Amino acid sequence: MLELRINGEARQVDVEPDTPLLWVLRDTLGLTGTKFGCGVAACGACTVHLDGEAVRSCVIPVSAVAGKEITTIEGLGAKGLHPVQQAWIAHQVPQCGYCQPGMIMASAALLAKNPRPSEADLDAALSNICRCGTYGRVKKAMRAVAGRKGG
Amino acid sequence: MSGPKNKSRRRFFIAVALVGGGLLVGYALRGRDRLARVPAFARGGKAFALNGWVKIGPDGTVTVAVPHQEMGQGITTALPMLVAEELDADWSTVRAEQAPVDKIYGNMVVLGDSLPFDPDDRGAFASALRWVAHKASETLGLMVTGGSTSVRDGWEPMRVAGASAREMLVAVAAKRWNTAPAECFTDAGYVLRRGSGEKLGYGELAAEAAQLEPPRKPKLKARADYKLIGTPAPRLDTPAKVDGSAQFGIDVRLPHMLYAAIRQCPVFGGALKAYDAAKLRGLPGFKAAVPVLGGVAVVADSWWRAKRALDQLEITWDEGPHAALDSGAIFAQYGRDLEHGKATTYAERGDAVGALAKAAKVVEAEYRVPFLAHATMEPMNCTARFGNGRCEVWAPNQSPTLVQWVASRAASVDFGSVTVHTTFLGGGFGRRAEMDYVVQAVTVAKAVPGTPVKLVWSREEDIRHDTYRPAAISKFRAALDGAGAPLAWWNRIVGPSVTRSFMDRLLPWGGMDYPPDKTNAEGADDLPYELANLRVEHVLSKTPVPVGFWRSVGHSYNAFFTECFLDELAAAAGKDPYQFRRGLLATHPRHLRVLATAAEKAGWGTTPAPGIGRGIALHASFRAIVAQVAEVSVTDKGEVRVQRVVCAVDCGTAINPDTIAAQMESGIVFGLTAALYGEITLDKGRIEQANFPDYRMLRLADMPEAETHIVESGAALGGIGEVGTPPIAPAVANAVFAATGKRVRSLPIRASELARG
Ligand code: FES
Ligand code: FES
Chain A
1 MLELRINGEA RQVDVEPDTP LLWVLRDTLG LTGTKFGCGV AACGACTVHL DGEAVRSCVI
61 PVSAVAGKEI TTIEGLGAKG LHPVQQAWIA HQVPQCGYCQ PGMIMASAAL LAKNPRPSEA
121 DLDAALSNIC RCGTYGRVKK AMRAVAGRKG G
Chain B
1 MSGPKNKSRR RFFIAVALVG GGLLVGYALR GRDRLARVPA FARGGKAFAL NGWVKIGPDG
61 TVTVAVPHQE MGQGITTALP MLVAEELDAD WSTVRAEQAP VDKIYGNMVV LGDSLPFDPD
121 DRGAFASALR WVAHKASETL GLMVTGGSTS VRDGWEPMRV AGASAREMLV AVAAKRWNTA
181 PAECFTDAGY VLRRGSGEKL GYGELAAEAA QLEPPRKPKL KARADYKLIG TPAPRLDTPA
241 KVDGSAQFGI DVRLPHMLYA AIRQCPVFGG ALKAYDAAKL RGLPGFKAAV PVLGGVAVVA
301 DSWWRAKRAL DQLEITWDEG PHAALDSGAI FAQYGRDLEH GKATTYAERG DAVGALAKAA
361 KVVEAEYRVP FLAHATMEPM NCTARFGNGR CEVWAPNQSP TLVQWVASRA ASVDFGSVTV
421 HTTFLGGGFG RRAEMDYVVQ AVTVAKAVPG TPVKLVWSRE EDIRHDTYRP AAISKFRAAL
481 DGAGAPLAWW NRIVGPSVTR SFMDRLLPWG GMDYPPDKTN AEGADDLPYE LANLRVEHVL
541 SKTPVPVGFW RSVGHSYNAF FTECFLDELA AAAGKDPYQF RRGLLATHPR HLRVLATAAE
601 KAGWGTTPAP GIGRGIALHA SFRAIVAQVA EVSVTDKGEV RVQRVVCAVD CGTAINPDTI
661 AAQMESGIVF GLTAALYGEI TLDKGRIEQA NFPDYRMLRL ADMPEAETHI VESGAALGGI
721 GEVGTPPIAP AVANAVFAAT GKRVRSLPIR ASELARG
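Chains as they are written, first to last, in this note's numbering: chain A, 1 to 151; chain B, 1 to 757.
Mixed in with the good hints there might be a few duds.
What the hints assert, rightly or not - Here's a subset of chain A near chain B, in silico, CB distances under 7 Å, partners left out:
# : residue
1 : G37
2 : I89
3 : Q92
4 : Y135
These aren't lab readings, by the way, just hints derived from the structure by calculation.
In this text, all values refer to a predicted model and were calculated from it rather than measured experimentally.
Where a beta carbon is used, it is the ideal one built from N, C-alpha and C, also for glycine.
Extracted from the complex, chain A is given alone in its bound form (with noise of 0.2 Å):
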């Protein structure tokens, strides 16, 4: 049995120790909203925080985040949306919607540590692919959560 502590919640798990935290978040604790896309660290759409930073989760041995705080999209907005979900709202960037929980999740832990990132710096942190091609409106909404972070 491991012990995780996901969304603020301990959970426990019984698992090989080497199962990527993707599979036991989506299969074995039902939170789907963190998605499956190349299982080699390639896409982003896997994307937790793991004590605040965005991490791929396809590629983590469940048994290296013991003791650790893990959040899921599920557990972003639960106490009401994030400033991003809210900018991913107001400027309708979703298309499929598929890669969103990933790129919501490496957007809202840049805004967490920069807080007034430049183009440099969007480029650098959403290395996220997103078929659907929604990287200008990615841009646009984040943009206006630095805005307004910054006053």
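Model the placement of chain B with the ligands on the given structure of chain A, informed by the hints.
Coordinates of chain B with the ligands only, in the frame set by chain A:
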């Protein structure tokens, strides 16, 4: 499934019932059943489309059944907008619901569109073939989302369904007030009484309204009275897509569900020979190994365990006859077929060959494009449960009718014993019109009766077992007169047929003699330019690589071929590429306006910033017209960076301008990914790429500034989901020429060919 029993009503309204205290109105194309009894000509000109339900709850919530699948294109917003407009509903109370599979929801437009004729071609043979196709789509009742047909398919029936429901609500309100319907009007979910402050919410009227006979010919609004159509109404699916609650196929969870991972024969045309599952027994969670279409699936109690077990499975493949095939051989075959193959003529005017023979100045060029994968963000997956003579399927798919059909075949149960649940699609782009993953999931479910199984492909399987956008080559010869005007245009395209490949997969025993596949030459045989002597041909060149419908299909390559060659012609004539095109569009004012809009908004004619090249392209597809201007810079190493894209689109009537802009951006990114990076290659019969590290995608850092300008023409509705893709590759290639003086004749654009020195 939901087939109403009352035949006479079904002729027009397919169902009227009290459902959960709500009013339910279903609409079907008039004449449908009449047509089933009266042959041929009774159909008249109204053969298209027929879908839609309106449900109004006691609280006034309006639920609209959408018979098309949401894959990001915004159809679960656009179609409800049509209903809500005529219903005068309050947009904030409108919800979309996936319509169940039923014959009456068939998409009549899509089959008509897949014929090898211009939609305006009224020739007898063309009409006859089109008629046969409509008949076939009616018989099949094919529910399918593709070919950018959804809004066109829904335009008439959805509005009629909304208007009819509105009239029923008004009738009830008028009766309660003891007044005439003419004394009532509607607004934002209420019926109001003229000259008094009285009003009744739709929710209060719905139950009684459901008892009425639906008006068959409700009055539709005049365009000038639209309040919702033409506005950027917020998408209905956005909230669920930002909080993680949107259910994609891969998210389906059922009690006692098992998981399956799959490996398919790495060589096309090969087959599973043997496997040894003995070693897998005892692995954690392992349940079974099951031979399936194309390979073998391993079932376990979690997907990761299934995949781990699969990785340990020893499999022997019969690699079949194509184990030596590589990309070079395929292009060599195309090259031979270009010279010696049997060409089918798709368009002919005047005497292009004769004019070329006499011409003083001939311009010639050959282009090529590679195979491409769809790489939807959500890998292929399907969940199925089999037992007690029934089969239930949960699938992100572009055609529930086909899902029901192939599932019934795979499960050996009749059509009516299959229930299909369509989830959100994590991208479609044509890939999810294929049915391989459905057949596989049902096969696995049969092996564990009573237990649902979710089959999920790895990304590697997804890239290596796609139905690819065909690789193709295209050769042009054109002649210019002394003033630089084109005298003749000859074009021969070589490649496999998507429609044929698709049909062979669907009906392997069909062995049909298909008419020429329209998709081969689409976008090349219907050029808007005035070219008096023109000939466009295609040589069918089959390969073992399965090919499929890939966002914009034939347009995806023919736009690149034709618009790049036109640019070469302009240069040979010593003319500006924009002005050269303008000069050939005298009889196509819509095209001209779109082209001019893109050029003006992009500042065509002004000097671009140092190091920037500007390119332009115009392309019509799916009854929409799109022009794009791209600005690129090219480094000394030959790396292309697209800085800005200006897009103009005329898709007839704009239902939701924000969705149109989003779809143009989406199409541009999709096409840019292909132009800059996309290439699927074969070696030893195997696809060489496997995952995003080697099948590269455009990312946020590569995203150009993009702007979309909608040109409203009021013309018939065009599509939007695919039309933004075709022009971007030629616009960028032409911009590269402007920046470097080097022509791009092969995609993807290669830095090595553009490097200086
Ligand atoms: S699934 Fe983890 S990065 Fe793609
Ligand atoms: S919205 Fe579809 S992949 Fe990003």
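Do the hints match the structure? See the list:
Checking A:G37 against chain B: minimum C-beta separation of about 6 Å stays under 7 Å; hint holds. A cut of 7 Å between beta carbons decides the hint on A:I89: the least distance to chain B is about 5 Å, and the hint holds. For A:Q92, the interface hint holds, since its Cβ comes within 7 Å of a Cβ in chain B; the closest pair sits about 6 Å apart. Among the interface hints, the one on A:Y135 holds; its C-beta lies about 4 Å from the nearest C-beta in chain B, closer than the 7 Å criterion.
When each numbered hint is compared with the structure, no violation occurs for any of them.
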